[in-house]
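Residue numbers (the numbering used here), protein chains in the order written: chain A, 703 to 815; chain B, 229 to 339.
Any given hint could be a false lead.
Reference listing, derived: stretches of chain B covered by chain A, where coverage requires no fewer than 3 residues with Cβ under 8 Å from a Cβ of chain A [claimed, not checked]:
| id | segment |
| --- | --- |
| 1 | 254-261 |
| 2 | 265-276 |
| 3 | 315-329 |
Just so you know, these hints were derived from the structure itself, not from any lab. Since we're looking at a predicted model, the values are computed, not measured. Yeah, the Cβ is synthetic: ideal placement off N, Cα and C, and Gly gets one too.
What follows is each chain in one-letter form.
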Amino acid sequence: EPEVTQTPSHQVTQMGQEVILRCVPISNHLYFYWYRQILGQKVEFLVSFYNNEISEKSEIFDDQFSVERPDGSNFTLKIRSTKLEDSAMYFCASAQDRGSEAFFGQGTRLTVV
Amino acid sequence: SQQGEEDPQALSIQEGENATMNCSYKTSINNLQWYRQNSGRGLVHLILIRSNEREKHSGRLRVTLDTSKKSSSLLITASRAADTASYFCATDAWRDDKIIFGKGTRLHILP
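Just chain B, same shape as in the assembly:
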């Protein structure tokens, strides 16, 4: 299975601190995407990083990809209460027409 596995499963940090979530996967991938899901709501696309990229930024988000270790990290800087959500990595492989999700990290930003 190519599915990603995030760690930690849950993370609580103080507002203003940085949050780092990790994702590991098992097989070679084409792309890796990160999504946010607020409780009971839809999946919001955050960022896509391709297998030939090592780092990508979008606002307060920084994503890294290490294909040799089959892992990715999502860093949220200067966290805010509104960042409280579950975060998922999702991978797709060459020639596959599916995107496989990990189990997610529940992030809670404490006021």
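This is chain A alone, in the form it adopts within the complex:
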């Protein structure tokens, strides 16, 4: 069964460093999303991406964040200068169409020290 895959599963980075989280969405899906979940808290929407551009973003998704679909298969989330409060589980998701089932990857646990 097709699935969303994310790498790495765990990343530790120093405060101020840039990180890139990678995702391979399901191949025939057109909508892509990033979410984050701070330990023990709710799953928060960051950004959605369609037709090679951001279609919607939340207040959390400030200038430190960017997304890219560099090669038609990967979908990346970049955090330019990490802060301690960026420590969280980051989930990528994809959906075939707007309003269809969204499938999530296993997440990348980001720890900023």
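For chain A, the structure is supplied; the task is to place chain B on it using the hints.
Coordinates of chain B only, in the frame set by chain A:
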């Protein structure tokens, strides 16, 4: 905000019993989805119900949607230890390109 809010926040039941979790939301929705998350793991898609549907089944899962009350319920019948997890409802609205999650219900199945 369209976000869903689940209740109860936590639920403990004996194995074999049925578990019911509820979700309420604030604005008109297009779809409502339920997800399961085992501790520290990914979000597993369980079921999607559209705004023009009232009930949907998948195996031991039964989901209902009442758009007049802006609420949904997830029933898990004949619970098993493996059902121990957090369960989230997530909604999307017309013309929105985002899915908003509730805070979840932590379900614990006692042996």
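Hint check:
no., hint, verdict
1, 254-261, "holds (count 3)"
2, 265-276, "holds (count 7)"
3, 315-329, "holds (count 9)"
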